[in-house]
Amino acid sequence: MSSNRNWRFLLSWEGLLTFIVILVVLINIRLSPFFLHGDNLINLFGVSIEKIIVALVMTFIIINGEIDLSIASIMGLAASLAAWLTEHGMDFSLALVCSLLAGVVCGAINGFFVAYLEMPSLVVTLAGLIAYRGVARILLEDRSFTGIPPWYNDLGTQPILGQFPLSLLIFFALFVIAFIILHFSAFGRLVYVIGNNKDAALMSGVRVRRVKMTLFIASGIISALAGLLYVSRLGAVQASIAEGFELDIITIVLLGGVSIFGGTGTMVGVGLSILLILSLRNGMSLASVTGNTQSSIIGLILILSVLIPNLAQQANQAWKRRGYLSRPKEAPISKEGTL
Amino acid sequence: MLRPERLRELSLVIIIFAVLLLFGTQIDNYFNPRFFRTITSGVMIIAVVVVGETLVILTRNIDLSVGSIVGCTAYTVGRIVADNNSISPLSLILIAIGMGALLGLLNGVLVSYGRVPAIVVTLGTLALFRGALVEFSGAKSVTTSTLPVWLNDLGQINLFSVGPFDFRILVVPAIVVVIVFQLVLSLLPYGRRLYAIGSNPEAARFAGMPARRIVMIAYVLCGALSGLAGFMFLARFGNLTVVAAQGMELQVVAAAVVGGVSTLGGSGTMVGALLGAILIEIIGDSLIRLRISEFWKDASLGVFILLAVASDKIILGRVRDIAARNQRRLEQTPTQVAPQPKAQKDSAHVQ
Amino acid sequence: MNVKPKALKLLVLAVVVSVATAFGPALRAQGADPIQATKGKAINMVLLPKFLGIAVFDQANQGAQEAHTELGNTGKLEFLGPTPENSVAGQIEIIKAATTRGVNAIMISNNAGDQLVPSTKDALAKGMKVVSWDSPIAPDGENLFVAQVDFAKLGTTMADMALDILGPDGGDWAFLSASPDAANQNAWIAATKDALKDPKYAKIHLVDTVYGNDKSEDSYKAAQGLVDKYPNLKLIMSPTTVGAPAASKFLQDEKLCDKIKVSGLALPSEMESYVKNDCAPEFALWSFVDLGYLTYYTTYMLAAGDLKGVAGESFVAGRMGTYTIEEDPSRKGGLRIIMGPFTIYNKDNIDAAVGSPAATMDASMAATMEATTTK
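Chains as they are written, first to last, in our numbering: chain V, 1 to 339; chain S, 1001 to 1351; chain Y, 2001 to 2375.
Treat the hints as calculated values from the structure; they're not laboratory data. Incorrect hints may have been included.
What the hints assert, rightly or not - Label-pair restraints from in silico Cβ distances:
hint, chain 1, residue 1, chain 2, residue 2, range
1, Y, Gly2305, V, Ile160, 30 to 38 Å
2, Y, Pro2329, V, Tyr116, 51 to 59 Å
3, V, Val289, Y, Lys2203, 51 to 59 Å
Said to hold, decoys possible - Covered, in the sense of this in silico footprint (three residues per stretch, anywhere, with C-beta under 8 Å from a C-beta of chain V), are these stretches of chain S:
hint, segment
4, 1113-1121
5, 1250-1256
6, 1298-1311
Ideal placement from N, C-alpha and C gives every residue a C-beta, glycine not left out.
Produce the entire structure from the sequences given, and follow the hints as far as they go.
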């Protein structure tokens, strides 16, 4: 029984990811003497910390059967708004609060169109991607804002607990919170139920709209937070800040085993996917593999990590069919004809 | 009784006219011949890709790599013809289509036979194809001076003119592609199967449809059409760097979805997708001409797209409501189901 | 961070600047012999362009490789760049990785504005040399900036080209730039606007600045928008190598070349046909091969300890001759080396320039303009 369960874990998505993560880490250690340095391990998270923070909330949205393409633009908008308000004489701390509120507003706009007007989230947030970035552009135009107080810049660059900078601590805290909410709360159950079958959820009295609205608002505020953390790390703001992050974030979530059609996926999977992508990127950067070569390799691994187990399974089934004459079972990892 | 697809197309046409009217009052000399040329030559490239994308989306899949395929073929074909100016136009077009089809085949095999989710495959190949292009290019650009004269002039050849409005010859492939594939969808068994697979993959498989092959062919066609679009891209812009057509995938998916193609598969038409492409192109190109600060453009574009889709949703919702009510009154049979139950549900929520 | 030392530093700088500007040329004239590079040291270096896939950056790499071989550096020279769509985060990632690996020097064409400063400061704190080229970093995030031209001078040149093309009657003209966040393009446009205050430019009106995001298709459409918006437009000035040919192609397609011209900064090889059909009568550019070469020399000598990296030091940069580190008037507290001169291309010299692939400078055939190095 117990060995059976172990076997099943190995076959599961999380098991596979664990295996690949270990493999990548071993290769990194072998290739670069710097990989295991404390600085580098902080760096590994540090250079993508904002993306992985947003990936946590994106996991909820995708499991819920929706998508939010406007996250990177909300990050940019929050950062630019904080800069603009400070330029216009507002106290920086107060500007930060206002920017978080702006994130709430953006999320609520997305949520309103998706939940209450029942428009496809893909279109709504695609429009949001363009519009929120546009507002950031209106605010900062072609200027670069550098008037960030030193204390805030230090917050992003200096460790505050042991070797950990603030954003990393926030990420770990959010990860734990997200894990608990998704897997151990009633709200988390609803997220799955709606993602699995929205109509059934509606009929059984689930307040689908409220859940969706909550998720998009959460996505807005977390994106704004991530945008502001990005500012603390960069020490300057331009309207294009965080542009194009959405695809990286979605890639992380999908590699974590979350189905784009909703209803399946776990926080553990996303956590492992974060580890995998970050250590891959870090390892390649240390090995001086950058730019399009790096993104190509990540693309390739994204495909192969699903393809190889699928092929193995198909081969296994073909072999079994010959042996037992049993019906081939559907591969658990993928569904025919799904995205 | 109008079918729901026709209704949606009609409401898109109304919105397109509303947008034209709105900009017409804001921009001097808005309806000039150049604007007409701009819109048609902008739409023609996007339209060809949108048709391919629609084929894929109908099967409840997606192709995010189209921008990279267009860029790859445009650039590669450009380099080929730059090195060998005497190559014939037909063989050049065939190379473009063939190369696109090959890239599409890779997507298709991975999705249908490798059983890898489409979004994973095409997010991957989006990066892979572009990466290969950057690697292969050696950072060189394709420039008009290296292209043969016929290719540089191709974008300017007039097919015919109506008054001051010119129809460029490159519009022909776009129109042919849209019509042919609309006919494929509505008349050929292959078209009906695409809808069937998208609506319910399980049922389609139980009904004995070769689902994998059908999906794969959709990807190959999408790739081939993107290749054709790549050739048109080269003919229109002439100067290409390795970032050519980057980000086009979002524009294409937006056009399809605005045009009523559901990302959940099984519903949508080529005409609708074309109208979606036209709407987005008109909004984008008009904003460029509007005398507002450069920095206000993106925000306006986003708001316009959102409003256009929302008003489409609301107009449609109302019309469908009325249609459904009339039908119920006429039929007076409780078992009667409206043509699309999903649409009914949508309209119920708008209220 | 303490305020007082900073204020003090600024004061000292101000004094240094004023002294340097007053006595700079004199000091230089009586200075010691220019410093020579110590060849054959092992110095690991990274050349970081704005992003990959653009011709001019590869040319800079050619120049750097040439210098690398010439100086017999036994270390490694790596050409690493981000993807165009991920340029800011990508540049930071590459700098972080280079810092972790402990390379000796990094040469950056900044595409991230001030956002790069914290990571380059880290690099500096670890004892690495950070030299910017093409597009500078804020002064406290770098050792010095290898400027392709004097930015003010380039502003005047663009204003002059506009005046030249528009003629004595003047007319409307507009900028078609890369992106609103490109630091060097912004600086050049600002310098041009400064230059335009001179009354001799009174009749040429700069009406707008639009952006083509360094993509051909976007630049083409941006040019089209300009033409539609401004019926009296007579010139599109594109200070980026992607924008100029795209705008020219648009004008040619619309048969507007008699009415509207293109100028700016562009590669001769990409502009040949437009110069010949008079769409783009003249434009300017410097050699990116030389810029890469000079950047490499400067950085190598800094990292090898030949140069201390202070104003007033003169050194020999191989085949390119003697250069001097000076205060950068456009960036308070910054140091720069001006490469100069650059070339104005027109139908008289375009053939010769295209004949030599990388737009390499040849004073005998080019209408060479002396930049302000010898001012």
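If I claimed the Cβ atoms of proline 2329 (chain Y) and tyrosine 116 (chain V) lie 51 to 59 Å apart, would that claim hold in this structure?
holds, 57 Å
Between the segment 1250-1256 of chain S and chain V, are there enough contacts, at least three residues with CB-CB distance under 8 Å, for the coverage claim to hold?
holds (count 3)
So the hint says 51 to 59 Å: do the beta-carbon atoms of valine 289 (chain V) and lysine 2203 (chain Y) match that?
holds, 54 Å
Within 30 to 38 Å: is that where the Cβ-Cβ distance between glycine 2305 (chain Y) and isoleucine 160 (chain V) falls?
Roughly 37 Å apart at Cβ, these two residues keep to the hinted range, so it holds.
Taking a Cβ-to-Cβ distance below 8 Å as contact, does the segment 1298-1311 of chain S have at least three residues touching chain V?
That given contact holds, which follows from 10 residues of the segment 1298-1311 of chain S lying within Cβ reach (below 8 Å) of chain V.
Taking 8 Å as the C-beta cutoff, is the stated coverage of the segment 1113-1121 of chain S by chain V satisfied by three or more residues?
holds (count 8)
In terms of the numbered hints stated before, the structure departs from none.
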